[in-house]
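Participant: If you want the building blocks of each chain, they are given just below.
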Amino acid sequence: MTGLLGGTPISKKTQQENDRHNPVMVLAVLAFLLVYIYLFTYASKSLELPMPQDLSESLGLYVDHVFDDDRNIDSSLYVPFTWIFSKNDDERLVLFLGVGFAFLLVYFIPLEHKQRSLVFSSLIIIGILYGMEGVSGLLCAHSLVFLILHPVSSFRLWIAFLPGFFGFWTFDPYMLLGSNALVQSLLAGGISVLIYRYGVLRLLAFPSAAKVIRVVVVQSALITVLIGALLEGWFTGPWKLALGVLLFFWHWERLFLYHIDYQDGKIPETISFMTYLSVFLTPGQIANWNWGVTIGQGYAYTANNFLCEDKNKLVVSGLKLWMVSLGYLVLGDWIRANLVRFFDDQGILVYWRIENMSEDFVMGSTIGSATVLLTTLIALMKWTFAWGGVVHFKVGLWRVCGYKVDPYFNFPWLSTNLVSLWSRFTFHYREFLVRAFYYPVFFKFFKGHTHLRIFTATMAAACFGNLIWGHMTEAVFYSGVNRNSIFISLNQWPYFVLLGLGITASEFWLLHKKKSPRRPWTPDKYIGWDVLSAYVTLQYFALIHIFVYTAPEATLADSFRLFLTGLGIHF
Amino acid sequence: MQITEIKSQLKNFFEEEFPNPGASLTDDTNLLDDWFVDSFGIVNTTLFLEEKFGVEISRADINAITFRSIETLSQYVANQLKDIDES
Chain A
1 MTGLLGGTPI SKKTQQENDR HNPVMVLAVL AFLLVYIYLF TYASKSLELP MPQDLSESLG
61 LYVDHVFDDD RNIDSSLYVP FTWIFSKNDD ERLVLFLGVG FAFLLVYFIP LEHKQRSLVF
121 SSLIIIGILY GMEGVSGLLC AHSLVFLILH PVSSFRLWIA FLPGFFGFWT FDPYMLLGSN
181 ALVQSLLAGG ISVLIYRYGV LRLLAFPSAA KVIRVVVVQS ALITVLIGAL LEGWFTGPWK
241 LALGVLLFFW HWERLFLYHI DYQDGKIPET ISFMTYLSVF LTPGQIANWN WGVTIGQGYA
301 YTANNFLCED KNKLVVSGLK LWMVSLGYLV LGDWIRANLV RFFDDQGILV YWRIENMSED
361 FVMGSTIGSA TVLLTTLIAL MKWTFAWGGV VHFKVGLWRV CGYKVDPYFN FPWLSTNLVS
421 LWSRFTFHYR EFLVRAFYYP VFFKFFKGHT HLRIFTATMA AACFGNLIWG HMTEAVFYSG
481 VNRNSIFISL NQWPYFVLLG LGITASEFWL LHKKKSPRRP WTPDKYIGWD VLSAYVTLQY
541 FALIHIFVYT APEATLADSF RLFLTGLGIH F
Chain G
1 MQITEIKSQL KNFFEEEFPN PGASLTDDTN LLDDWFVDSF GIVNTTLFLE EKFGVEISRA
61 DINAITFRSI ETLSQYVANQ LKDIDES
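One line per chain: the protein sequences are A and G, in this order. Be aware that the first sequence starts at 1, since it is given in the numbering used here, and climbs by one per residue. Be aware that the second sequence starts at 1, since it is given in the numbering used here, and climbs by one per residue.
Be careful, since some hints might not be right.
Have a look at the derived ranges for each label pair, beta carbon to beta carbon [to be verified]:
{"id": "1", "chain 1": "A", "residue 1": "Pro207", "chain 2": "G", "residue 2": "Gly54", "range": "26 to 36 Å"}
{"id": "2", "chain 1": "G", "residue 1": "Lys82", "chain 2": "A", "residue 2": "Lys444", "range": "20 to 30 Å"}
{"id": "3", "chain 1": "G", "residue 1": "Ala23", "chain 2": "A", "residue 2": "His451", "range": "26 to 36 Å"}
{"id": "4", "chain 1": "G", "residue 1": "Asp85", "chain 2": "A", "residue 2": "Ala209", "range": "33 to 43 Å"}
For lysine to aspartate or glutamate, the following DMTMM-like pairs were computed, each having C-alpha atoms within a straight-line distance of at most 20 Å [unchecked claim]:
{"id": "5", "chain 1": "A", "residue 1": "Lys447", "chain 2": "G", "residue 2": "Glu51"}
{"id": "6", "chain 1": "A", "residue 1": "Lys515", "chain 2": "G", "residue 2": "Glu56"}
{"id": "7", "chain 1": "A", "residue 1": "Lys514", "chain 2": "G", "residue 2": "Glu17"}
{"id": "8", "chain 1": "A", "residue 1": "Lys444", "chain 2": "G", "residue 2": "Glu56"}
{"id": "9", "chain 1": "A", "residue 1": "Lys447", "chain 2": "G", "residue 2": "Glu50"}
{"id": "10", "chain 1": "A", "residue 1": "Lys13", "chain 2": "A", "residue 2": "Glu112"}
{"id": "11", "chain 1": "A", "residue 1": "Lys515", "chain 2": "G", "residue 2": "Glu17"}
{"id": "12", "chain 1": "A", "residue 1": "Lys513", "chain 2": "G", "residue 2": "Glu17"}
{"id": "13", "chain 1": "G", "residue 1": "Lys82", "chain 2": "G", "residue 2": "Glu51"}
{"id": "14", "chain 1": "A", "residue 1": "Lys444", "chain 2": "G", "residue 2": "Glu51"}
{"id": "15", "chain 1": "A", "residue 1": "Lys514", "chain 2": "A", "residue 2": "Asp524"}
{"id": "16", "chain 1": "A", "residue 1": "Lys87", "chain 2": "A", "residue 2": "Asp69"}
{"id": "17", "chain 1": "G", "residue 1": "Lys11", "chain 2": "G", "residue 2": "Glu86"}
{"id": "18", "chain 1": "G", "residue 1": "Lys11", "chain 2": "G", "residue 2": "Asp27"}
{"id": "19", "chain 1": "G", "residue 1": "Lys11", "chain 2": "G", "residue 2": "Asp83"}
In short, the hints are calculated from the structure, not lab data. Since the model is a prediction, treat every value here as computed from it, not as a measurement. The C-beta atom is built at its ideal place from N, Cα and C for all residues, glycine as well.
So that you can see chain A by itself, here it is in the shape it has in the complex (with noise of 0.2 Å):
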């Protein structure tokens, strides 16, 4: 696994090396994204060129569940959060133009400028999509972030100019449009000078105050979710974040990744705020903002995978993921619905959603055990082509961009255990949650216990760290900032325990099964157990995700009986 534990450092040297243009790769990329542009926006339209749909039946292919009522391709991968541009497929249009302008920057700019210049490219493509708002609400979070984390770097006061400047433009821009704005700003922008020359950054001299603000910065999604939930239990009313504010929540699992990182002396003391913009701030988060936020994890794994090999290549491994994003985006619809009719000419019922089964099974339907296997089975693959399509498209940009970024969705279905499904299903979100949660209970409890020690490690990062720091705070961001969201996903904590339990298992049988020099699927005369293996692991990750996609009038009792239907245990 390339990214395992964030690689390691790289020369400047070698960056150089693997630095070398190729025009046809260039070609290749723009071709790409004339192909996107095609497909999920309305070019074709402005352009009086035949829509997909068109094409695709003057070519005699009559297909169902691809095409949208304006004969392109709806897509799962779209911009979230922004009503700037009235439909979804002109900010796709601004998405693929953006990517492709900080793609041609990146590629053909010197060694030295290529990270800045994609923070450059992704303010351009934010402030096009988000507006002042969403630029103003980052860079005045991620301002404050480094000032906390790094006090000693060069021209901190000109940069704690910059909190007071652009929270002023977070919050309500629009309305303070005035002749007096611009004045208020630079006011605004002095006193937050004064505050940290005067204030915090005495306080950080003083190691157990500094250590505390680092914690409520880094912790400062999850801490606003729990104030939010109480604030609306006196104002009985959601709370609404700047949206700044919130694309900026969106990071903070990469944030807490960077003080992972921070901790472990991995992070250059003088480092500039615009290399640390540049672990945040790529093209490569854009698309589906909320989705995948983990990919690029911390400092150390980009800057030690930016260039590592040549850019060529890694363009050409980005071209790939691209070519499987739009097979998953184009036809993962039209596959799930041709299983489910087969199936149903079978006879048996598959629904289209494990929240239906669950709602008709409170009502008092017959469910079959196949019926609630093949129902989050194939629930399972529309993921795996929704979601895989778009953070394929995300890791290609990435990699198109120049880092060696591993992939999301790698080959899922030849897992033959949770512990390589979990690896292999969202390698960055994995990482995240074994560097915060499994490897520090690892390291500290039940020394010499090693199943224990292996238990509540797992325990602690598949079911704790995945459910408060993972999900619920997510839930939180997705619904508002508000109590309800919180107790909905509290109550899918059977799924967490379940998921964790399940990896346990795979653990210890990891460690103890008789080793063999046979490696999985190699195509020998034990191949049947690799597919029953892979069979079983991806049917129970799949199956207890009835706890999480519930319909809402199930009790957590209904939701256990379908869950012991699917196991053939019928009450």
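Please arrange chain G on chain A, whose structure you already have, making use of the hints.
Facilitator: Leaving out everything else, chain G in the frame of chain A:
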């Protein structure tokens, strides 16, 4: 303990625990790129190092530099053992 002995024991462990048919494991083989399948390999290796050599491993030591190869890992163990002897 001599560093050659540490290397030998590590090599035996990796070949037995994470067999890789057809590939040869040398002192400089990149363990993270070419040998481990997933992060449980790191956990398993940590348990082996603690049990076999009696070294105390901290979270910060779990990094790509220490775990890069048998060479770097055995150097790390040797340094840890030296620290134990001196204290």
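Participant: Which of the numbered hints are not met once you compare them with the structure shown?
Facilitator: 6, 17, 19
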